[in-house]
Amino acid sequence: MLDHLSIAMASPTTLAAVGAIVLLLGEIAALLSLPNLAWTFAISTVAELGYVLIGLGVGGPAGDTGALMHLGYQAAMRGLVLTAGWHLVRRTGSANLNVLAGSGPRMPVAATLFGFGVFSVMGLSPFKGSFSKFIILYAAIEQGQWLVAFAGTLATIVAAVYYILVVQKICLEPAARPVELAPAPRAPLAIAWPLTALTVLISLWPAPFLLFAARLAGFAGGEGVPQFETPWATPVLVPYIGGFTVYLIGRVSAQGRDVAAVLLGVATVAVVALDGGLDPASRLFALLFSGVCCLMIVYSIGYIGRAASANRYYFFAFLMTGSLIGVATAHELGNFYLFWELMTWTSYFLVIHEQTPKALRAGLVYFLMCAAGAYLMNFGILLTHAEIGSFELAAIADKASVIPPLAGAAIVPCLFVGFAVKMGLVPLQSWLPLAHPEAPSSISGPLSGVLTKAGLLGMVKVLYVAFGASALARYAVSGLDANTVLMSLGCLTLIYGEIRALFERELKRMLAFSTIAQIGEIAAVLGIGTALASDAALLHVTNHAMMKTLLFYAAGAFILRTGGKRIEDLAGLGRAMPLTAGAYALASFAIMGLPPFSGFVSKFFMIYAAAMGGHVEVAALMLLGGIIGVIYYTRVVSFLFYYPYKGEGVREAPVPMLVAMGVLAAAILVGGFAPGWQLNLIAQVGDLAALRGALASGPLPGLVADWPAGATIAIVGAVAVALVGRTSAVWAGRLAVATLVAALGGVIAQSGRYDRLSFCFAVLIAAVGALNMLHSTAYLADSHRQGRFFAAFTVMIAGLIGMTQAKDIFSFFAFWELMSSWALWAAICHEETAAARREGFKYFIFNTVGASFMFLGLAMIAARAGTFEFAALGAALRGLPPAIVAPGVVLVFLGLVMKAAMLPVRIDYQMHPALAPTPVSGYISAVLLKSGPWGVLKLFVVFGGATLFSKLGGEVNGQPVILTVISIIAAVTILYAGAMAAIQNGVKLLLIYSTVCQLGYVLLGVSLGTTLGVAGGLMHFVNHMMLKDAMFLVAGAVMVKSHATMLDELGGLGRRMPFTFGVFLLSGLSLAGVPPLNGFSSKWLIYYAAFQSGHWALAVAAMIGSLLTLAAVMKFAHAAFMGPPTAHALAAEEAPAAMLIPMGALAAASVVFGLFPGLLLVPIAAIERELGFVPIAASLLGPLPGLEGWSPLLLTALTAMFAILLLPWLRLGRGAEVVRSSVHLCGVVDIAAEEMRPGTARLYETPDAILRRALFAPERAAKREEA
Amino acid sequence: MMTSQLPIVVAALVFPGGVFALALGLALKGADRRFAARLQGRVGPPLAQPFFDVVKLGFKRTMAPDVACAPVFFGAPLVGAVSMLLAMTLVPIAGVYAPGPIGGDLLVLIYLLAVPGVALMLAGSSSGSPYGAIGFSREMAMMLAYEGPIVLIVAAVGLRVGLATGQGPTFSLSAIVAYQQAHGALLFDPVMWPAVVAFAFFYPANLGIVPFDIPEAETEVLEGPLLEYSGRPLALFKVMSALKAVVVLGLGVALFMPLPFSGIVGLIGWLAQLLALALVGVTAVRVGAGRMRIDQAFVFFLKWPLALALVSVLAAAYFSAGVAP
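Order-wise, the sequence lines are chains Y and S. Mapping the first sequence onto numbering that gives the first Met the number 0, position 693 (from 1) lands on 692, and the numbers just tick up by one. Mapping the second sequence onto numbering that gives the first Met the number 0, position 33 (from 1) lands on 32, and the numbers just tick up by one.
The reader is advised that the hints may include incorrect statements.
To be verified - Label-pair ranges, simulated between beta-carbon atoms:
| hint | chain 1 | residue 1 | chain 2 | residue 2 | range |
| --- | --- | --- | --- | --- | --- |
| 1 | S | Val-18 | Y | Asp-781 | 51 to 59 angstroms |
| 2 | S | Phe-19 | Y | Arg-1213 | 49 to 57 angstroms |
| 3 | Y | Arg-755 | S | Phe-19 | 45 to 53 angstroms |
| 4 | S | Val-18 | Y | Pro-1057 | 53 to 61 angstroms |
| 5 | S | Val-18 | Y | Ser-1178 | 29 to 37 angstroms |
| 6 | Y | Ser-1178 | S | Ala-275 | 42 to 50 angstroms |
| 7 | S | Gly-289 | Y | Asp-781 | 27 to 35 angstroms |
| 8 | S | Val-54 | Y | His-1042 | 48 to 56 angstroms |
| 9 | Y | Arg-1213 | S | Gln-39 | 36 to 44 angstroms |
| 10 | Y | Phe-1058 | S | Ala-275 | 26 to 34 angstroms |
| 11 | S | Arg-60 | Y | Arg-1252 | 41 to 49 angstroms |
| 12 | Y | Arg-1213 | S | Ala-275 | 38 to 46 angstroms |
Stated by the list, open to error - SDA-like mimics (lysine to any residue), calculated; alpha carbons at most 20 angstroms apart, straight line:
| hint | chain 1 | residue 1 | chain 2 | residue 2 |
| --- | --- | --- | --- | --- |
| 13 | Y | Lys-806 | Y | Val-718 |
| 14 | S | Lys-59 | Y | Pro-1207 |
| 15 | S | Lys-59 | Y | Val-1217 |
| 16 | S | Lys-302 | Y | Arg-1252 |
Unchecked claim - Which bits of chain S does chain Y cover? Going by a derived footprint, with three or more residues having C-beta under 8 angstroms, they are:
| hint | stretch |
| --- | --- |
| 17 | 110-123 |
| 18 | 150-156 |
| 19 | 291-297 |
Bear in mind the hints are in silico, worked out from the structure with no lab data behind them. All C-beta atoms, glycine included, are put in the ideal place defined by N, C-alpha and C.
Starting from the given sequences, assemble the full structure and let the hints guide the process.
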């Protein structure tokens, strides 16, 4: 019969073409006929005949069989749609879709049948209507009629648009207006029921019908028709059967359903975990998908609760789980495609679960985009089969090399687009920010966390593992291969996502855009195409799944409890929902890529891999994105914790939700501390991809931070402090001090672990930390939530200790970030005022920028050297040409110079933390910023010392240019910051500028790179630590006792706080370089060293800088401590012992070091020897060494001698008794004490004005230009 | 060359510091007052008047303002005076005295020289008097003004001497004196002329004499920092001021014109130099000039002495190598 038909036509090709035209135009016409349902389906039915024509036209076993099968299938399915539709139209009395809207609630049975029919006609996988279509399309492809097949695919996409529109309108939307229903006609449903049964039958068991159709077409046995499916695997069957089970139980008992759901969720994970037959890629993704979905079920117990729609929800949730696992475990493209479609379909129902108009619209876009992508993918799959005759991935792997480039060039883009849509890769991302926020939060999590990853799974599993990188390269069209496209789109997506997230004000939408950005990041790295890069991308896939799911889950808990969706609505919620907010903060820090969380590990890995792969621009872009990420993620955490809480009566999230969040948080921590298991899984996938792509697969770099005892003690102590702090602030404070003392013990116990420089620094870090912590227990006695502050402070110190003891780049950078990122931010923001938040935020961003430069530099260096170990690094670098090493080294040093707050990247500019608790400001100034100079010195040696530097930038007068540049920067900073300090009037601002100035001395000394210079720099390093910290602690005592922040509010404190004043004056004068105090000794060495190195200009600058420091110190002393007391001062009394002890200890240490510079210089000499310098000739109790060395001890002894001689005469005996009188005022009597004081701002009138003119001239000039 | 290496305690207590410096300082002060009187057509006090003043103050009551911060108020004059006694041990007398090896160098000396200024500032500040505060403010301004030039002058000398002899820059006072004794005083070295002129501006400012006696201007701020002082503390300030004159003038001599003599001749020559400097460079100037305003003085120092000293530094840095190997 068919032969006759074929003969009747002019030619088979024409017939197929006509069919394609009928099909495409028909579907378009059907779409345009909306909202008239009758017309739409009438035209659609005609258009469907186009498929039959195509099938007959292309002929062959597949074509003819498909055409016949299609006829039969459509007859049954369309019959169902038409009869059910007829029923609906008749009862409603109109065929207009807008009138029919809401039929679902009105006529549930008929609407459900109708919907079922439409989905079947549409050919979504569970309804095997697509089966016959596939065969026809396959036939067209097989015969080389690509255009026809493509038109068919296009038509299917067009049809999907109106199908889903109709289903949504009729079945899911609520009624737009009330409709008077006509009495039910009997006939339609009577026909519809058997048709439904038939549809189910032919959908579930298509094989016999296929065989029958083949027989009818004259081809026995069904040969020539591709085998589309294979049996389902157990891990898929468990959730699928589970879905139905849970649904049925739910109809009886809600409680039973919840229990069953959790058990089945766990069972699914177990089945996946125990399945030994999976290849690494499948196993990795299946574990990830099932794990996150299991938590989704647990979370849903609390989130969905006992709502009426819960049964439906769990049903689709389990089906989605099964589909995801199916996609992950499929070993051939038939099932892969089947589950892919099922995944879209089930998740669509979950997205629209709440059935609000917005949710429906989001669902529509989601469904259409993903379905369209899937159809294209299907085209690619069929094309593949046509080329190699199999769907098996293993077969593809074998034969990828024989696929002609032209076919490959058609297959890969089709598959690529299918995956890219699911990933949300720009420009196919528009569904993502719509669907994620509208879905229930229990779904948004996995939607972001794992569904988007399905796209990545496709990329990895099909493109990289099956086809392989070498095949992909072969299919490249004009040099544009999949890798390049993926990388470019990834970069684009990254930036798009970050920028949109930055400006987003709704929490879940912000998270959705962040997902886009993260996916972009992963795609970009994956696109680099090395084995290492794909490993890194995969690691981030797993980490991002957990982090983003947790973020959405916490957001869901907030929304559940407060109903607010905007970020502003979260203000102060950290107080009401501490566990949820804590989990949110943890995930935020993790996703920002901060240690000790999993996000840091994968981000580090990705950036390293990018550098290793030669794509520094990708790494730089990721770092830029990371900085943007810090901005918007910090904003939310800030709202949670550092804003006052206005709401009332909000309870913590329900227990099941907390459990789910807790597990995710734990996973993030495990991923940060011990990523070994995860890395192992990933390495196997990476090896596979490498094998296929003929890429070199090396061992993964060590991505486990090496925690020394001191840092471990501190971090464990920090957790304990935070917990104790919830009940007792006093005990939290004591525990914090004890922790740091113990950490000091830990540092000393492991003294053999590190070089002397780092050991000494670590000892100072812990010791000064303990002192400052002691001071802060008194400083914050009347504050709030002290435990939080103590814990953050302790974490920061843990980071510092760890940093000093790091032996490899990874540990170094991990601890560097721990020291300067979130913990510090949390400590600065403690006061919860607008100013504190602003300053904390600025500081955070500043540090992130600095760390990013350093990160990039370190990654580049490690990539060049091929090792993370410091010890091996130097040796490797020495063998490389300088031009290759230079950019990395320069970036690292830029980061260090930023840490040391040098011009033009000064920290003072970003940080005016009048409101940060003063002990932490002091610690930052005195200790933390020293990590800059410490790093310069340490890396100077690691990188091979002066030799490397000379090679890099050349030499002038025998000194490396890079070091000379740093010296000049330091000297200019000394003058600039010294002048700034001299004109300040804020209590802490003055000290902060002075810190920048003094750090200039340290850096100047160190960067001179001579024996004397390094010794002077290191000595000032310690001296400034003592002196500036003492001054800050004094400022803290003054502020807490007087409640003043500006110098003008103060006065006359010297008589009320004599001990405090004494410490200040001693430290201040010493810092200003008054001989014979310790501050002068170290500066003297630096002056000398600068002169000796021929940098006399720098020496002169340093000497003048001291004078500016003196001006600042004297101003402070005068304004705060001298003269008649102000109202603020009258309220003040001497500080408590907890403040005086640290201050006294620091001052005493300064005095001792002042008298015996050898106490510092002997260890410094040892350090110098270790660093490879000629050690300075020092003895423990001897004078300052040098050409014209001198002895502070001698000067002090002489001073004491004179004082002993003169003091009795001055203060004892006849005539020495003091008569107290009022000050002489030339007879003026009616002047208030306050008016007698010259204002602080006017104190140094002329110098002040001139300094201001000099400092701000550029700014003023710029303003003038603007005007 | 006979330079005596005295034990440091002797140097501090007897010669050239201690008793000797005190006597010299007060004597120079007496000569200054006498000469000033003569220039103004008065008879003037006896030469020993400064001694009498100090002794007299020792028997006066000590008064202190009720708002004063007592430890600082009384500590400041003590520290100021002691610092100058110490500084005297560092001032070399050509051919007579060279400071010991571990006492300190030129850099220590110029920072010690800042201590009296700091003491005066603390005195004015701690007294609680508004005049004291103004005095403190002016003292600080002056210090900011003159400290730049002196640092540059010292750098110029150190570079000139050090580079000329082929070593690095030196700040050893003995070395500087020895160099000049061997190669001629720097006063006659054209490279150093700008620095000499700068020094001529520096020392009146440092000593607080007209036209730069702005911090203590009696007619404006009633002696500023010293207003509230009396009795023994004031006596200590007087001593400090007398000693400082010796230190600063001695420093000038050492830097630019050490005599090529030694022994008693050297000492007498040195005393003559000091006396001549005091009478011509201090007394004549203070009698002949009026006081500048603080803003004028500040700007003046930022312009001229600084520029002059810088010229010498540049010249010393670039034209010194191998001048006197």
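Determine whether the Cβ-Cβ distance between Val-54 (chain S) and His-1042 (chain Y) falls within the hinted range of 48 to 56 angstroms.
holds, 50 angstroms
Assuming the hint says 27 to 35 angstroms, is it satisfied by the Cβ distance from Gly-289 (chain S) to Asp-781 (chain Y) or not?
Since Gly-289 (chain S) and Asp-781 (chain Y) have Cβ atoms about 57 angstroms apart, the given range 27 to 35 angstroms is violated.
Whether the CB-CB distance between Arg-1213 (chain Y) and Gln-39 (chain S) falls inside 36 to 44 angstroms:
holds, 38 angstroms
Regarding the pair Lys-59 (chain S) and Pro-1207 (chain Y), is the alpha-carbon distance no greater than 20 angstroms?
holds, 16 angstroms
Would you say the stretch 291-297 of chain S counts as covered by chain Y, given the rule of at least 3 residues with C-beta under 8 angstroms?
holds (count 3)
The hint says 26 to 34 angstroms between Phe-1058 (chain Y) and Ala-275 (chain S); measuring C-beta to C-beta, is that right?
The hinted range 26 to 34 angstroms is violated for Phe-1058 (chain Y) and Ala-275 (chain S), with Cβ atoms some 50 angstroms apart.
Note whether the CB distance of Arg-755 (chain Y) and Phe-19 (chain S) lies within 45 to 53 angstroms or breaks it.
48 angstroms Cβ-Cβ, so the 45 to 53 angstroms window holds.
So does Val-18 (chain S) sit 53 to 61 angstroms from Pro-1057 (chain Y), Cβ to Cβ?
Violated, at about 35 angstroms.
Is the gap between the beta carbons of Val-18 (chain S) and Ser-1178 (chain Y) within 29 to 37 angstroms?
holds, 34 angstroms
Lys-302 (chain S) and Arg-1252 (chain Y): Cα distance at most 20 angstroms?
Holds, at about 15 angstroms.
Verify the CB-CB distance for Phe-19 (chain S) and Arg-1213 (chain Y) against the hinted window 49 to 57 angstroms.
At roughly 29 angstroms between Cβ atoms, Arg-1213 (chain Y) and Phe-19 (chain S) fall outside 49 to 57 angstroms, so the hint is violated.
So does Arg-1213 (chain Y) sit 38 to 46 angstroms from Ala-275 (chain S), Cβ to Cβ?
holds, 41 angstroms
Checked against the numbered hints above, the structure breaks hints 2, 4, 7, 10 and 13 and satisfies the rest.
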